[in-house]
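**Student:** These are the residues of each chain, in order.
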Amino acid sequence: MNDVSSIFFAIYSRRLMVMLVLLGSIGAGIFYSQQTPSEYLSVAKILIPATSPTVSLKTEGGNLPSGPIVPDENEDLRVGIIGIIRSGAVHDRVAQALPGIDAKTIRKNVIGDIGTDSFLHVLSYAKTQEEAAMLANAFSEAFQDEMQALLEASPRRTLESFVAREPIAWEQFSYHTAELVRYLEGTNFTDVEVEVVNMLSQRQAVQQQIEALELQHSSNLAQRPVYEQLVESRPEFVVAGQLLSENSVYKSALERSSQLATELALKKLELRDKHPEIVRLTNELSLVQTRMSQQAEMTHASSTMSRDPQSLSFMQKMVEIDIAEAGYDSQRTIFEQTASQIDSKLQNVPEYRADVSRINAQIAQARNHAEDISARRAELEFHLTHGLRFTMSNEYTKALPEKALPLPTPVGIMIFSTLAGLIVGILAAVVAELVKQMRLRSPY
Amino acid sequence: MSELNREPILTTDFNSKTSLWRGLALVLVGWLVAFFVKNDGIFSRRIQIDILGPNPALVNDMPYLGSVLLILVGLLLIFLVGLAIKSGSIDRVVLGMFAFSLNADVVPMLFQISVIGFCYILVDRGLRQRRIPFRLTPMVVIIALMMLSYSVSFLQTTQPLSLISNMIYRSTYMLSVVLLPALLVSRRHLDTLFDFMLVAAIITVGAEIAQYILTAMSGSIITFSPGSYNHVVTPFGIMPRLTGLMYHPNHQSNILATQAVMALWFSLQPKGTINRRRRMFLFAGYVILAFGTVVTMSRSGWLSIAIATALVPLIRFKKVAPWYLLMVVGLGLLAYTTGLAEAGYKVVHDLNGDSADFRWHIDDIALEAFFAHPWFGVGTSNLLDFFNPYQLEVHDTYLQIASGMGIFGILVFGGYILAVITRLIHVALTPASPAYREWAIALLFGLMITGIQSFFAMFLWIKFLWGVFGIAESVIMNNRDKNNRLSPNDFIFLPPQR
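Protein sequence lines, in the order shown, are assigned to chains U and R. In short: position in the first sequence from 1, add 575, done, that's this note's numbering. In short: position in the second sequence from 1, add 1, done, that's this note's numbering.
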């Protein structure tokens, strides 16, 4: 009995055993087929994009929930979405929306799966097609609400934080601005840099004045003895002016000469040079000119005497030098006091500068911070007002009652009951044969 | 056959009333089958998603999957029981399951079921014959020390329950070293087991081919390993790392390369020692398994099988060994001078360069763990908790022992491995029969494969290694007991068929 036919023989010899098991399975299969369908399965689909929505231009991305909440192309994270479904949070939402259905029933009859189309499938089991479809669609909606709520949870908390921090940030900015104003008031500055430039110009001008004063002083001290010597070398009085007048004969001859020259010129236009009139005028003119040259010398009319003006000038200069020298000390003292005041102010400039720079930096920082918060608050408000709903479902992905699958199918029950019954029957037969052989080989 | 076809003499018999109850019970079984099918029709998809998760395709959207599995399991059991009936006992079925389990980590509990089968055979027949053929080897003491070394991990771990379950599960692997010498008492036993192993290994290569076809068809890599190491980046694109029926491509390459090189050694036995048909079977086995090793894309597997394959002719054909060696050296020099060797090395080195780099980091952590706890290590499987930012296991069996069990573990495991190798060498030098010499050298080649690959991956708790140790122990014990050899009629396991 060591060939294959021995096995078939063993099965055949226990055909009753096989038939009984088969009978039991077919009978029960027919019984259960009569009761089908006992349930309906309805499927709603949800598309979950591979990337999450971008909330902020800046750093808000880091505040988004990560891990299983944000959908990703990575399969593990999608499995995480199933984890959320299994947590029961979505079932509880459905139970709140459908108070007529027991929460435990929803938990038992609705499950999430990922289909070969990469959509999230919501599988809903119920006694009727309508109930199955309604449950699947309600769950689909609740799931999307839950995902949206989860995604928005962190941005909402961030927004609350921004709303609370925004006035504080602007107050901080105002505080630093006021601090700068107070500081500048305390230092009598409006602008440190401009004031410093002014003070430096003023200080330079004072220094130039002092140097000019010193130069003038030295010059005065050197000039005065020279002037004294010059004054001493000058006469006390000198001819101050001499009056001269023209000779009257010369004057009349000059006038006559002019008349004759004019008349001669006019006559020459009408008469020839030999004309007696021309000759007469020429001769007369010649006489007049001779006479005029004879009477050309000037006649001394009168002369006056006065103080030597050069000497007077020198004396005047000496007076001026004396006057200048008289004011030298007082001027120098004033200039030096002014310079000292400016210097004392300039000594504090580095400290002013550091303080003002610090306050300005604080102001800039506070302003940037406040502007950032305001911008991000506005942006978050915008996004959250519109809602972070990143999943997609529409009429085509919804579960429809007419498409609900009846479970189980009578054909399926009959086929698998028959096949499995046959196999189990044969298995029982061959095991019985093996046991028999073992007992025959090793009888107790 | 005539004897068994006679009317069976049953120790018990059923009267009509009992037969009725028996019939009703069978009908009830049938009813239960239909009840199962009905509920499977309703709840199948839900249960599949609950158990398997929502990972799409193929599995969790299949209607009546439970019923299909019931039918398949039933057919498998019928096949196994049929084999048991055909072979006259459950011995071959248990031995086949054992051989298959060594090659199929993905089938849960198969190894343990086969170990239970071995124990049943030993106890049942031993009690009947009042002779349990248990051969106490010195290795039992070392195995006890191994367990002691493993137990020290309880002082370090924060998860003792997880550790104890792991320890119990792994300690069943060690039972091979104790059980197999009691069962495999002849060359026939050893050859039968190796034949089963070879067939099982060829089946896993078939599984590799199926994985490749499914991968090519679906566009996504379908193997039994996680996504982190199921592919390799090559100059020709991303290639799948096929795992056959193992979880890790390196383990798959290890079992295939080990059995391939043993098959090659056996197939090259001198003329007259094996028939042509068996030689062809063994050599075909080598070719198929070598191909299976290559497609795992395991570089350590490639290296080890290449070295072993190159060495086999050197040991086998002593007369032509110098010429063979000269040829191998010549080819090596040619490859080196033409730059072919360097180019080949570069291509292999660049495959998954990151994988090669991270090993150094993990190995460094393992060394730190060893120096931090030099005597007993950080505990088996505790390296993940020892400042290990990568959360990865060490990729070196020697460092696995050193970091996990310290100097004590090195001494115990090193001593064990050394003892096995020296004793196999002893068998090879002083064999009781030429067959044991063949077996000893084949096992040395097999252990060499694991020895090389152990520099690149972990193999300590792979049941195949302990299966090989068990076979080695059987060979050593059989060779030792050459003067007290049992008559075939006294075999408890696989007695000669009448």
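Heads up, a few of these hints could be off.
Now the in silico label distances, taken between C-beta atoms and shown as ranges [as the list claims (entries may be wrong)]:
hint : chain 1 : residue 1 : chain 2 : residue 2 : range
1    : U       : VAL579    : R       : LEU334    : 40 to 46 Å
2    : U       : ARG732    : R       : MET63     : 41 to 47 Å
3    : U       : LEU725    : R       : THR159    : 41 to 47 Å
4    : U       : VAL579    : R       : GLY340    : 55 to 61 Å
5    : R       : GLY416    : U       : THR691    : 24 to 30 Å
6    : U       : VAL579    : R       : GLY416    : 34 to 40 Å
7    : R       : ASP386    : U       : ALA953    : 18 to 24 Å
8    : U       : ARG731    : R       : MET63     : 55 to 61 Å
9    : U       : THR691    : R       : ASN276    : 49 to 55 Å
10   : R       : GLY228    : U       : ASP692    : 55 to 61 Å
11   : R       : ALA342    : U       : ASP692    : 45 to 51 Å
12   : R       : ALA211    : U       : ARG732    : 30 to 36 Å
13   : R       : LEU70     : U       : VAL579    : 21 to 27 Å
Over 10 Å on every C-beta distance to chain U, these chain R residues come out as not near it, computed from the model [as the list claims (entries may be wrong)]:
hint : residue
14   : SER68
15   : GLY89
16   : ARG171
17   : ASN276
18   : MET328
19   : LYS347
What the hints contain is simulated information worked out from the structure, not anything from laboratory work. Fair warning: this is a prediction, and the values are worked out from it, not measured in the lab. Idealized CB from N, CA, C, for every residue including glycine.
**Student:** All hints are to be evaluated individually against the structure, with a verdict given for each.
**Tutor:** Tested hints:
1. The beta-carbon spacing between U/VAL579 and R/LEU334, approximately 57 Å, falls outside the hinted interval of 40 to 46 Å.
2. Range check, U/ARG732 to R/MET63: Cβ separation about 44 Å, and the 41 to 47 Å hint holds.
3. Judged by the Cβ atoms, the range 41 to 47 Å given for U/LEU725 and R/THR159 is violated: they are separated by roughly 32 Å.
4. A hinted range of 55 to 61 Å holds for the C-beta pair U/VAL579 and R/GLY340, which are about 59 Å apart.
5. At roughly 54 Å, the beta carbons of R/GLY416 and U/THR691 sit outside the given window of 24 to 30 Å.
6. Range check, U/VAL579 to R/GLY416: Cβ separation about 49 Å, and the 34 to 40 Å hint is violated.
7. Distance hint check: the CB atoms of R/ASP386 and U/ALA953 are about 48 Å apart, inconsistent with the given range 18 to 24 Å.
8. As the Cβ distance of U/ARG731 to R/MET63 is approximately 42 Å, the hint placing it in 55 to 61 Å is violated.
9. At about 52 Å, the beta-carbon gap between U/THR691 and R/ASN276 stays in the expected band of 49 to 55 Å.
10. With their beta carbons about 21 Å apart, R/GLY228 and U/ASP692 fall outside the hinted range of 55 to 61 Å.
11. Distance hint check: the CB atoms of R/ALA342 and U/ASP692 are about 50 Å apart, consistent with the given range 45 to 51 Å.
12. Restraint check, R/ALA211 to U/ARG732: a C-beta distance of roughly 51 Å breaks the suggested window 30 to 36 Å.
13. At about 26 Å, the CB distance of R/LEU70 to U/VAL579 agrees with the hint of 21 to 27 Å.
14. Distance check on R/SER68: its Cβ comes as close as 4 Å (rounded) to a Cβ of chain U, failing to clear the 10 Å threshold; non-interface status is violated.
15. A beta-carbon of chain U is positioned within 10 Å of the beta-carbon of R/GLY89; the least distance is around 6 Å.
16. With a least beta-carbon separation of about 28 Å from chain U, R/ARG171 lies farther than 10 Å from that chain, consistent with its non-interface assignment.
17. Non-interface call for R/ASN276 relative to chain U: holds, since the shortest CB-CB distance, roughly 22 Å, exceeds 10 Å.
18. At roughly 49 Å from the closest C-beta of chain U, the C-beta of R/MET328 stays outside 10 Å, upholding its exclusion from the interface.
19. Its beta-carbon lying about 32 Å from the closest one in chain U, R/LYS347 satisfies the requirement of being farther than 10 Å from that chain.
Checked against the numbered hints listed earlier, the structure breaks hints 1, 3, 5, 6, 7, 8, 10, 12, 14 and 15; every other hint is satisfied.
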